[in-house]
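Undergrad: In the numbering used here, the protein residues as written are 1 to 255.
Mixed in with the good hints there might be a few duds.
In silico lysine-lysine, DSSO-like type, Cα no more than 27 Å apart, as pairs [unchecked claim]:
no.	residue 1	residue 2
1	Lys29	Lys86
2	Lys86	Lys230
3	Lys29	Lys123
4	Lys37	Lys205
5	Lys245	Lys123
6	Lys86	Lys205
7	Lys123	Lys86
8	Lys245	Lys230
9	Lys230	Lys127
10	Lys245	Lys86
11	Lys230	Lys205
If you're looking for bench data, these hints aren't it; they were derived computationally from the structure.
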Amino acid sequence: MGVWGTFLVTFFVYWCVGLCYTVIDLTGKPAFALRYKIQDNVSYPVSLNQVLRVVHQVLINQILIGIPFGIFAYYLMVWRGYNSEKTLPTFQWVLFELIFCVLMEEAGFYYSHRLLHHPRIYKYIHKRHHEWTSPIAITAIYCHPVEHIFSNLVPPLLGPLVLGSHTATSWLWFAIAILSTLNAHSGFHFPFFPSPEAHDFHHLKFNQNFGVLGVLDRLHGTDSLFRNSKMYQRHIMLLSLVPLKQLYPDDPKKK
Numbered sequence: 001m002g003v004w005g006t007f008l009v010t011f012f013v014y015w016c017v018g019l020c021y022t023v024i025d026l027t028g029k030p031a032f033a034l035r036y037k038i039q040d041n042v043s044y045p046v047s048l049n050q051v052l053r054v055v056h057q058v059l060i061n062q063i064l065i066g067i068p069f070g071i072f073a074y075y076l077m078v079w080r081g082y083n084s085e086k087t088l089p090t091f092q093w094v095l096f097e098l099i100f101c102v103l104m105e106e107a108g109f110y111y112s113h114r115l116l117h118h119p120r121i122y123k124y125i126h127k128r129h130h131e132w133t134s135p136i137a138i139t140a141i142y143c144h145p146v147e148h149i150f151s152n153l154v155p156p157l158l159g160p161l162v163l164g165s166h167t168a169t170s171w172l173w174f175a176i177a178i179l180s181t182l183n184a185h186s187g188f189h190f191p192f193f194p195s196p197e198a199h200d201f202h203h204l205k206f207n208q209n210f211g212v213l214g215v216l217d218r219l220h221g222t223d224s225l226f227r228n229s230k231m232y233q234r235h236i237m238l239l240s241l242v243p244l245k246q247l248y249p250d251d252p253k254k255k
């Protein structure tokens, strides 16, 4: 995989989409978007200083950590052998690879993420990411550089590395993974978007929902509190314009 091509694809996707969310986060506009805010009892819109602090850390991770890691990943892919042909793989094969990549990321992210929550490690590394109990999209990779390597960069690489994926397939997969984590951290449950309720709940409660898909959380019982919450009832794709908070309102005693 070309180092600079991969960097440009991932950088472009992250900031083009992330900045769209950031406009809402800074201005609170358009007003209709706020109907889909997951957590209401938070200070919002966020301040410019908060956003600039996030941007600073994210750029460090993308440039000072991401580019050297990209060089390492490139030579690792060359050593493994990857599909560098000009002919693109078939749709069926790309679909298989994407499914495989999702499963590999689920395993890699769940276990690395849960390790970062170990009491002896948490305060030194992962605590930075959890400064945001109600996250915004661009906090997706606002984290300690060590966490960025082991939880944000390694898990998405596992699938392409095992399969020796075509460069185009890898770029497609990385773009999907970035869009997924931006949505998961956005703090908004918009219509026709995958539900971000699970990861938002993780930021709210800290010890629930360590994975991406929820499969390993169910297997290890790290979603029990979530499954008994109102947010779990809202953990679906919204197929109408009516906010899920109206379809599944909070219980009166919890207001």
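Undergrad: Taking the hints in turn, state whether each one holds.
TA: Hints versus structure:
1. Lys29 with Lys86: violated, 44 Å
2. Lys86 with Lys230: violated, 49 Å
3. Lys29 with Lys123: Roughly 35 Å separates the two Cα atoms, so the pair is violated.
4. Lys37 with Lys205: holds, 17 Å
5. Lys245 with Lys123: It is violated: about 33 Å lies between the C-alpha atoms, which goes past 27 Å.
6. Lys86 with Lys205: violated, 47 Å
7. Lys123 with Lys86: violated, 47 Å
8. Lys245 with Lys230: At roughly 9 Å apart (the allowed maximum being 27 Å), Lys230 and Lys245 satisfy the hint.
9. Lys230 with Lys127: holds, 26 Å
10. Lys245 with Lys86: violated, 48 Å
11. Lys230 with Lys205: Distance of about 13 Å is within 27 Å: holds.
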